[in-house]
Amino acid sequence: MPVTGTGKPPGAGRKRLRFLSLLPFLVAGLTVLPVAVVGSSLLTPTSAVWSHLWRTILPEVLGNTFWLLVGVGLGTLVLGTGLAWLITAYDFPGRSAFRWLLVLPMAIPAYIIGFIYMAIFDFAGPVQTFLRNAGVDPALLPNIRSGLGAIVVMTLVLYPYVFLLAKAGFEEQSGSAYEAAGVLGCQRKQIFFRVVLPLARPSIAAGVTLALMEALADFATVRYFNFPTVADGILRVWHGLMDLGAASELAGLLAVFALVLLLVEHRVRSRRAYYQSRGQLPGIPVVTLSGWGAVMAALTCLVVVVAAFGLPAFQLLMWALKDLSAITPGTLAVYLRLAANSVTLSLSAAACAVLVALLMTSLSRLGGKLSRQAARLVTTGYAVPGAVIAVGILGPLSALDGAINRLAGDWWGITPGLILTGSLVGLVYGYVVRFMAVSYSSIDASMEKIPPNTVLAARSLGAGPFRLTFAVKLPLILPGIVAGSILVFVDVMKELPITMMLRPLGYDTLAIWVWQMAAESLWTGTALPALAIVITGLLPIKLLLEQAEARSERRQP
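With numbering that gives the first Met the number 0 applied, the sequence shown covers 0 to 556.
These aren't lab readings, by the way, just hints derived from the structure by calculation.
Relax, there's no trap hidden among the hints.
Taking lysine to any residue pairs in the SDA-like style, the calculated list, with each CA pair at most 20 Å apart, reads: (1) Lys541 <-> Leu477; (2) Lys188 <-> Gly81; (3) Lys541 <-> Leu530; (4) Lys321 <-> Leu530; (5) Lys368 <-> Ala444; (6) Lys368 <-> Leu25; (7) Lys541 <-> Ala167; (8) Lys448 <-> Leu358; (9) Lys541 <-> Ile480; (10) Lys448 <-> Arg458; (11) Lys321 <-> Gly524; (12) Lys321 <-> Ile119; (13) Lys448 <-> Ile480; (14) Lys188 <-> Leu288; (15) Lys368 <-> Pro451; (16) Lys448 <-> Arg466; (17) Lys188 <-> Trp84; (18) Lys188 <-> Ala88; (19) Lys321 <-> Ala118; (20) Lys541 <-> Arg94; (21) Lys188 <-> Pro284; (22) Lys541 <-> Leu100.
Here are the in silico distance ranges between beta carbons for each label pair: (23) Thr330 <-> Ala444: 41 to 51 Å; (24) Arg466 <-> Arg187: 55 to 65 Å; (25) Ala123 <-> Ala325: 12 to 22 Å; (26) Pro137 <-> Ala444: 48 to 58 Å; (27) Ala138 <-> Pro92: 33 to 43 Å; (28) Leu538 <-> Gly408: 45 to 55 Å; (29) Ala325 <-> Trp411: 48 to 58 Å; (30) Leu369 <-> Val126: 53 to 63 Å; (31) Glu59 <-> Ile119: 20 to 30 Å; (32) Glu447 <-> Pro284: 31 to 41 Å; (33) Thr299 <-> Ala332: 38 to 48 Å.
Every residue gets a Cβ at the ideal spot worked out from N, C-alpha and C, and that includes glycine.
Input sequences plus hints: build the corresponding full structure.
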């Protein structure tokens, strides 16, 4: 049998590469496993479970979920698109500052801004107290603990998704179509609705879909406002009844909602094809406002920034200062433990997500189209609500824990306990499934920017797949790795459903503490942990703004 100079069979390298090319399919299978488990519960429904759900919570949570999606969809569409057009097409005092100030609400999770507004506008809050002292009946105000309150708060938090993507869609358009419509006699308003808006429709649809996905996955905010949805129902069934079967079937229903949103978004984006490339051409002409027009434009942006970020951040800061003035060594120790737990989880999840993303982006390029499709499949978890992933993980990991304990008992006479569901393993697994898309997209985009000549030169010098990856590609994609790590880190810091359902008993994080304190109306006790989450949430916004600025500079003629 002929051998190479290394003493290995000539087919050994090919066999190793063939084995490595199968890894993307294995990782993709582990990624879709939770969704498959939840989906199977809908294929084999339990009549007794559905009968109980229909008699108790299902009609209410289905209706509330529908109206929440309608309200948040319309709110983010109007607010995000309107602000994006205002910033793109008009010049007014403060415009350059509002370009980034209007993105800041993304740093505050909905469950934080939700309890802040509830504290401000509730019966004992400053607004109603002021009205009572002034002799005005507070009943004239809408009830903050309602579906309307939840919709308004979520719109304030989620409109930046639409704002960013709509603004990008407007800025990428060439001014030629705009000018042609003007030559034909169309007014600026007509041009916006007939030309500009249709060309930006794919971007706007993507932004609205992202906002609706976040609203669909939220359970904490809607519970604050006494507006239970399907996501909240999953947590209630799981924590209240410890019924994994009922939780699985509700999670399957939530997954159906998410699938419908994706299908609608795909339909909206693909029904018509709009091809527009600005390149180095001038963009949409900017009109300079003056007088009352400039004042109203600046005031509109200012009101939104104050309502969505300024007021909540100021209230958090006031509570934090009050909490600091009365802090005890015991409370400080609790906060440090919460921060340590959050950082540990976030670092672990970010490291795992980046390693898996590196593996997938590298190996998918060694295989064919199927490997590439399998690699893209790992990004589907971002479209799945956290509660669905958590329920889908609990079943398989519980079964695996049981099998491990039975085998250990039969072979060694010991029972190691809940190795997977009672540790951080299941929690980190859930985070990786949920946020893999973030790290994968960042690293894959960096991989695509590597010049082909660099790869060919390395191969001509004898670099194999591993040396090519670690000695050549890795230094070039380091910015993408750092960006992906930061984004996953921040997402995990803010994540609540997966943490709530999969954490080991007594393992609290900053997000869990904020949720528990807010549920008990202990506003001051939420301040420092919530402020830490908000400050951490500013990191990805900085990355987004830097990327947007770089794209804007490249488009300048």
